[in-house]
Amino acid sequence: MSLRSRAENSCNAIARACFRASGPNADVISLRGVTLVYPNGTRALDGLNLEVAKGSFVFLVGGTGTGKSSLLRLLYREQRPTHGEVTVDNVRVDRIKRSRVPHLRRNVGVVFQDFKLLSDKTVWENVAFALQVTGAQTKDVIRQVPRVLDLVGLAHKTRMFPSELSGGEQQRVAIARALVNNPKILLCDEPTGNLDPANANEVMDLLHRINLKGTTVLVATHNALVVDRMRRRVIRLEDGTIVADEERGFYHLNGNGANAAGTPAPLRGSHGLGTNPLLLE
Amino acid sequence: MDWGRIRFFLSEVWRNFTRNLAMQFTAIGTVAVTIVLLGSFLFTREAIGKIGDDVLKRIEISVFLTEGATPAATRSLAARLSADPRILSVEYIPKAVGLRRMRERLRGQIDTSLLTQNPLPDALRVRVRNPDTVHAVAASIRALPLVANVEYAHDAVEKLLKLSDVLGRIGLGIVVLLVLTAAIIISNTIRLTVFARRREIAIMQLVGASRLYIRMPFICEGLLDGLAGAAVALGLLELARVQLLPKLAVALPFIPMRVGTVDQLALALELLGTGAAVGIVAAWLSVGRYLRV
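Residue numbers (the numbering used here), protein chains in the order written: chain C, 4 to 284; chain W, 501 to 793.
In case anyone wonders, no lab produced these hints; they're calculated from the structure.
C-beta atoms are modelled at their ideal positions from N, C-alpha and C, and glycine is treated no differently.
There's no promise every hint is true.
To be verified - With the C-beta cut set under 10 angstroms, the calculated list includes, among others, these residues of chain C facing chain W:
#1 Asn-52
#2 Arg-95
#3 Arg-98
#4 Val-104
#5 His-106
#6 Val-111
#7 Leu-121
#8 Ala-181
What the hints assert, rightly or not - Label-pair ranges, simulated between beta-carbon atoms:
#9 C/Glu-88 - W/Gly-773: 43 to 53 angstroms
#10 C/Ile-99 - W/Ala-740: 51 to 61 angstroms
#11 W/Val-742 - C/Pro-149: 53 to 63 angstroms
#12 W/Leu-680 - C/Gly-138: 47 to 57 angstroms
#13 C/Gly-138 - W/Arg-669: 24 to 34 angstroms
#14 W/Gly-773 - C/Arg-35: 47 to 57 angstroms
#15 W/Thr-544 - C/His-106: 36 to 46 angstroms
#16 W/Ala-740 - C/Lys-142: 33 to 43 angstroms
#17 C/Ile-99 - W/Thr-544: 48 to 58 angstroms
As the list claims (entries may be wrong) - Derived contacts from chain C toward chain W, CB cut-off under 7 angstroms, selection only:
#18 Arg-103
#19 Val-113
#20 Ala-133
#21 Gln-135
#22 Thr-137
#23 Gln-140
#24 Thr-141
#25 Gly-171
Generate coordinates for the entire structure from the input sequences, incorporating the hints supplied.
What follows is the structure, given as structure tokens:
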């Protein structure tokens, strides 16, 4: 796994470099000089610049309140930047009209720590809901829902209710729902925050498989284990700015990325938050 | 037609509607009370207006003669009146004929057999060509010999129309207040539904449902409240028409109840339309306020 992902990762890096050279279409996500100040005066993001290549897999790490969730919210237009440009799939989402937001959202799947499933709907209905409320034809619902449920490995549990599933399974339902509209980008805000290590790994493997199919995946997390296991691009935020950005990085980056790829990853649990964040949850 | 989509939409509307039944019944009840009042007000106004029109159309002057008027003198008076260019026709109604007509008119309503003698005087019924001249003609007739009294409906009609106007204003005020109340209650009901469904709404917004799509079930809920309230009200009004009006007609024999002349289908449609409009408008405003989409 680690070898394979390492190989893929370097491919990704090469691909990204090529795309970058080829023009403005290369990056599926681009932030320029983005500052976000909340009405209460909190400066969530401060002059942020970021490019994410099509088809890549990116971790956003950093403690609570460092701006990870704010950054994701800008991308699905839950939040508008105070200053700066936010481009998603060649659309300036900081400028689009409110009436265009639904179209953006169909192109960007979002997954949260608390799954956000509807408890009175079955697995099938939860996933179908995303298609039905966006006005999909019934024949598309019948075709797409089993496809994504199969992808997340829950084809046999379609009639169950969320309360009858494990946390990992619930998160996989949420991922299926985020994917059923075939988005180009999948945003995950602490997807493993409520999961034990086994379930967390299962979910991360799923995200990996989804990424292999071409979907760009952004994961905001403070789960050091999953980051270190995947060895993908890691962007560390601190006080609303990017303090480190590395290919095949670790959760705990050393300095400005000088100690990046290749160096074995010791799990320094006492670093940063004081303990391994996973144990806290 | 994609029946699956329609069924999904309707099931969402139904889910909304049944989530808070007690509140829906409150909303429907308020709409029903409003519409019942609006309906009876419109009905009364139209009925009074019809009666007024009716009387106005056949403006007649009843000329009651003194006891001493002989038939010959009466006839010559009638001939003299007929010569007046303002007068269309003059009909001589001896007191016996007058009594017979009264008995016919009140048959089944009042027992006229109790009348042992004829209380009516001889009378002339005068019709004018132009309703506007009725005052002048009446005044000139009053000045003639043999004439005991002159009565004509004009004053009564004017009073009736004035009354209906005043009633109309008061009624309209009450109806406007009630419509506002109904709208507020419906919008509150929908706010509760929005609150109960905030998770669904958040997810709809997240996966990219359009604003109209998110709003539509709530608008339909308001429409349903309005229509159901109006339907209940129509039932009550129909019951009142069947059960109450005949009794009212017996109680007030001198007022002609011309129920048949009021266009009941148009009235029913007006009331249903009002209910639906109140529901939709209240829902739209409520969704706009409580659903920031």
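Against the structure, the hints come out as follows:
1. Asn-52: Since chain W brings no Cβ nearer than about 27 angstroms to C/Asn-52, farther than 10 angstroms, the hint is violated.
2. Arg-95: Check failed: Cβ of C/Arg-95 comes no nearer than 18 angstroms to chain W, outside 10 angstroms.
3. Arg-98: 18 angstroms, violated
4. Val-104: At 8 angstroms from the nearest chain W Cβ, C/Val-104 passes the 10 angstroms test, so the hint holds.
5. His-106: Given a least distance of 7 angstroms, the restraint on C/His-106 holds.
6. Val-111: 8 angstroms, holds
7. Leu-121: 6 angstroms, holds
8. Ala-181: Hint holds; C/Ala-181 Cβ to chain W Cβ min 8 angstroms, cut 10 angstroms.
9. C/Glu-88 - W/Gly-773: 43 to 53 angstroms: Holds, at about 50 angstroms.
10. C/Ile-99 - W/Ala-740: 51 to 61 angstroms: For W/Ala-740 against C/Ile-99, whose Cβ atoms are near 56 angstroms apart, the range 51 to 61 angstroms holds.
11. W/Val-742 - C/Pro-149: 53 to 63 angstroms: Cβ of W/Val-742 to Cβ of C/Pro-149: about 58 angstroms, so the range 53 to 63 angstroms holds.
12. W/Leu-680 - C/Gly-138: 47 to 57 angstroms: 35 angstroms, violated
13. C/Gly-138 - W/Arg-669: 24 to 34 angstroms: 48 angstroms, violated
14. W/Gly-773 - C/Arg-35: 47 to 57 angstroms: This hint holds: roughly 55 angstroms between Cβ atoms.
15. W/Thr-544 - C/His-106: 36 to 46 angstroms: This hint is violated: roughly 54 angstroms between Cβ atoms.
16. W/Ala-740 - C/Lys-142: 33 to 43 angstroms: 52 angstroms, violated
17. C/Ile-99 - W/Thr-544: 48 to 58 angstroms: 56 angstroms, holds
18. Arg-103: 10 angstroms, violated
19. Val-113: 6 angstroms, holds
20. Ala-133: 4 angstroms, holds
21. Gln-135: Nearest chain W Cβ about 5 angstroms off; hint holds.
22. Thr-137: With a minimum Cβ separation of about 5 angstroms from chain W (threshold 7 angstroms), the hint on C/Thr-137 holds.
23. Gln-140: 6 angstroms, holds
24. Thr-141: Holds: closest Cβ of chain W sits about 3 angstroms from C/Thr-141, inside 7 angstroms.
25. Gly-171: Where the cut-off is 7 angstroms and the nearest Cβ of chain W is about 20 angstroms from C/Gly-171, the hint is violated.
Hints 1, 2, 3, 12, 13, 15, 16, 18 and 25 from the list above are not met by this structure, while the remaining hints are.
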